[in-house]
Amino acid sequence: MSSPMIERTSMEMNDNIFEMQRISKSFPGVQAIDHVDFSCISGEVHALVGENGAGKSTLMKVLAGVYQPDGGKIIVRDKEALFNSPKEAQNCGISIIFQEFNLIPELEVAENIFLGREPLRNKGLVIDNDLIYARSKELLESLGTFIDPRSKVKNLSVAQQQMVEIAKALCLNAEIIVMDEPSAVVSGKELDSLFAIIRSLRDNGKAVVYISHRIDEIFQIADRATVLKDGKLVGTVRPKDIDKPTIVRMMVGRDLDQTFPPKEMGERKEILSLKNICRDRVLKDVSLKVYTGEILGIAGLVGSGRTNLARVIFGADSFDSGKIYYQGEKTKMISPKISLSRGVGFVTEDRKKEGIVGCFSVRKNLTSLILDKMRRWCFTNDVEEKRLAKTCVKKFNIMTPGIEQEIQYLSGGNQQKVILAKWINANPKLIIMDEPTRGIDVGAKAEIYNTMRLMAKQDKALIMISSELPEIMGMSDRIVVMHQGEIIGEISSSEATEEGILMMATGQVKKNGKESIREY
Amino acid sequence: MSIDQLKENRAIIVVYFILFLLLVVSTLFSETFLTYRNITNVLRQAVSIGFVSLGQTFVILTAGIDLSVGSVISLTSCLSAGLMLGRDSMMIPVVGLVIAVALVVGFCNGLIIVKTGISPLIVTLGTMSIVQGAVLVYTHAAYGEVSPAFMFLAWGEIGSIPFPVFLLFAAGVLGIFVLRRTPFGRHIYAIGGNEEVARLSGVKTEKIKIYTYMICSFSAALTGLYLSSRMGMGDPLIGAPYMLDSLVPVLIGGTLLSGGKGGLVGTFAGIFILTVLSNSLNHLEISGYWQWIVEGAIILGAVSFYEKRKT
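One line per chain: the protein sequences are A and B, in this order. Following this note's numbering, the residues of the first sequence are numbered contiguously, the last one being 520. Following this note's numbering, the residues of the second sequence are numbered contiguously, the last one being 1311.
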C-alpha cells in the first residue's frame, strides 16, 4: 500500500466538506465495514468502488443516517455529527439516492419531491400545492427534463424516476449527494445525460459520491476514487494518474483478466420454437428458435420486453396469440409447474423477490426444486439433503459459514451461485437466465460464466438476458436484440459489435434493417 | 377531468354508481324506502358504522388494521352510561373521560405496533381481547343510564335532520381535508405506499402510525357514545360485530388493505351501500342471515375488482 499513487486523504483535511474517520459497522455474522476513512471536498465527484459486498452502500448509509456506526466519527463542515435518522443527515445537507428508488409510486412527482417537508400555505395547516408544483417544475427543468410534476411516479420510466430523485436531493439543498450505483438501472444515452447532470452538479460546487463497481464509469466521471474491499479501505486514488488494471487489482486484490470461457458448444437440436407470440402491448409478433448446446443472448434496453418474453416462455405470464412448440410439440397452456416438469428453468432478474427465500437456509434453498425426488416415503430425506447441499457448496464455491446459514446473509454473488446450483440440481433441459450477473462481484461472475458454458457443453439450452454488452457478446453463441416488444434482429456472435447491438436496441435500425430517422 | 384522472378515480366512480343503482332499485322495490321515516332510519344506521369506518380508513391507509375497535365501542358504551347514571351534570366530564380512555387504547395499539414490530393484526387482536375482558369485568349485562341531555346525540334533530348525521358528515369532511391537504395526510399515504421510503424521506413514521391508531380508537369511541345515547344504556357486547363490519365500507370503498391507496370519499359510499342494502333487505323481509351472505359476496366482488385493477 506504499504506492506513491495512493495518497492519504487526511492530507487535505481542511477542504473537506465531510470526513468519515475509522467508521465500523457490523451486522449479524458480518463485519460490513471495518475502520474506514472516507472524505469528500466540495466540487468533486468522488467514486466509491469495490466489489459487491465490499461495504460501499453500508458506508454511505452510515453517512446518511440510515445506520448508526459501531465506531468512528463523522465530521461535516468541521463539526462532529452523529445522525440518528435520515432526516438529521438531510438537514445537514446530505442526500442519498438509493439503488432501489426512494419514491412512492402512488404519489405524484411533486408530492414525492417534497415528501417529509411539505411547505404550508401561510404557515397554516394546509400544504401549499401551488408552490410544490411550481418549484418541482423548476427543479426538473433545471435538470433538463420535462416531467409533469402532477404525473404519478408509477407511470414514469426508470430514468425519469432517477431524475425525480435528483430533483428531490436538490430541493433539499443538498451539498453532498450520494448516488448508489445509478448505472445499475439506466444505460446508454440516459447514462450519458446522467453524467452530464453529475458534472454540472460538481461545477456548481456540490460534492458527489458516486458508488459503482463498473471501472469504465469511474474513469469517465470521477475526480477521485476510493476503493473498498471486504469492508476495509484499500486506498484513495486519482483515476487520471492510474490505469484500469491497477484499480481492478485494488478491487479484487489480484490480477483478473475479464475473459469469457471459450465458446464450446454441445449438440445443436431445436428445443423451443416461438411463432408470432403477442402479449398485450409488451410483446409484438415474437418468433424465435432456441437450440440445445448453445447460449442464446437476448439484448435490449430495460423495458424492451426481454423479461416479458422470458416469463412467457416459462409460463409465468400468459400470451394472447401465437404458438409455442417445445421439443417439436405444440403447447397451449404453460404454467411454471408444467415448465418445471418439462425441464425448463428460470433464474429471475430480481433475486430477492423471485429468486431466494431469504429466511431459509442455504440447504433449503438448494433443494427446494427437488424435494419431491429425494423424499423417503412422505418425509424429506435430511441425510441426503445435507449431503447434496454440502457437495453443491463445494462444487460451486459458495462462500457461506455453513449449509444452515440463512441465505439472506450471503453476498449477492453467493446467493446467485446458490440459485444456479439449485437449478442445475433439477437438471433442466432449457434454462432462462435474466441478468444472471447483476450486482455480482467480478470473481463470482467468472465462476458463473464458467458454469453456464459447462451447461451448454452438456447439451443444455441456455437463454441469457443481459444489459451488459460485453457479457452478451462474450457469452452468447447467437444474439437477438429486442426493442419495444419486438425482435429487431438476430446476429451471430462473430458478427456482433457493440455499436450494432446498440443501434438495434435503441430503435435506430428498423426490423427490415433499414436505418430510420428517430422521431422525438 | 383528464383520462388519467378518470382512470385513477375509477374505483370512486364505480362505487358511487353502485350506490346510485342500489338507491334506484330500493326505491322501485319498496314503497316505504323513500319515506321520511325510513330515510332518517337509514341515516341513523349509517352513523354508527360510519364513525368507526372513517377511523378504520386512516389505519388501513397506512397498511395497518385495527381489530380492537369493537371492544372499544363496547367499552365506551358501558363507561359512558355507567358513569353518567342519568345525571346531566356528569355528561361533559364523562364524555371527556371516555374519549381519553379510548385515546389511551389507541396510543397503546400504535406504540406496541411501532416499538415491537408485531403485525397490527395480532397486536389489535390482543388489545381487543384485553379491552373486551375489562369491559366484562366491569359489567356482564346491560348497565347504566345516560343523562337526558346526552340523548340529544342520537335522537336530536336540527331542521328535521337527525343531529348525528351532521356530526358524521362534519367528521367526514374534516377527515377528507386532513388526508388530502395536510402533511399528516400525505404522510399516511406515503407510509402505506412504502414505509421505508417514507422513513428515509424524513417522515416520522412511528409518530404518524401511532396517531392513526388514536384516530381510529377515537372514532370507535364516537360510535360507542352514539350507541349508548341511542339505547340509553351501556351494553358490554354491543361493539362485537363492528370488529369486522368496520372494515367492510373501507374495502368496498376502494381502500386497499395493503395501504397507500383509497380514501374517505370511497368509504362514505361504502357506508351507505352497506346500510341501504341491509335496510332494503329488511323491507323485503329477507332474514339477517342472508344479509351476511350478500355482504360477504359484495366484499369479495369489490376487493377482487380492485386487486385486478392494480396489475
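FYI, nobody ran anything at the bench for these hints, they're computed from the structure. It is possible that some hints are incorrect.
To be verified - Have a look at the derived ranges for each label pair, beta carbon to beta carbon:
hint	chain 1	residue 1	chain 2	residue 2	range
1	A	409	B	1304	33 to 41 Å
2	B	1122	A	371	37 to 45 Å
3	A	261	B	1303	46 to 54 Å
4	B	1030	A	123	28 to 36 Å
5	A	429	B	1257	38 to 46 Å
6	A	275	B	1173	21 to 29 Å
7	B	1257	A	360	50 to 58 Å
8	B	1030	A	120	44 to 52 Å
9	B	1173	A	141	51 to 59 Å
10	A	88	B	1288	54 to 62 Å
11	A	332	B	1118	53 to 61 Å
12	A	395	B	1297	40 to 48 Å
13	A	261	B	1111	42 to 50 Å
14	B	1300	A	261	29 to 37 Å
As the structure is a prediction and not an experimental result, all values here were calculated from the model. Backbone N, C-alpha and C fix where the C-beta goes; we use that ideal spot for every residue, glycine too.
Hints violated by the structure (listed by number, smallest first): 2, 4, 6, 7, 9, 11, 12, 13, 14
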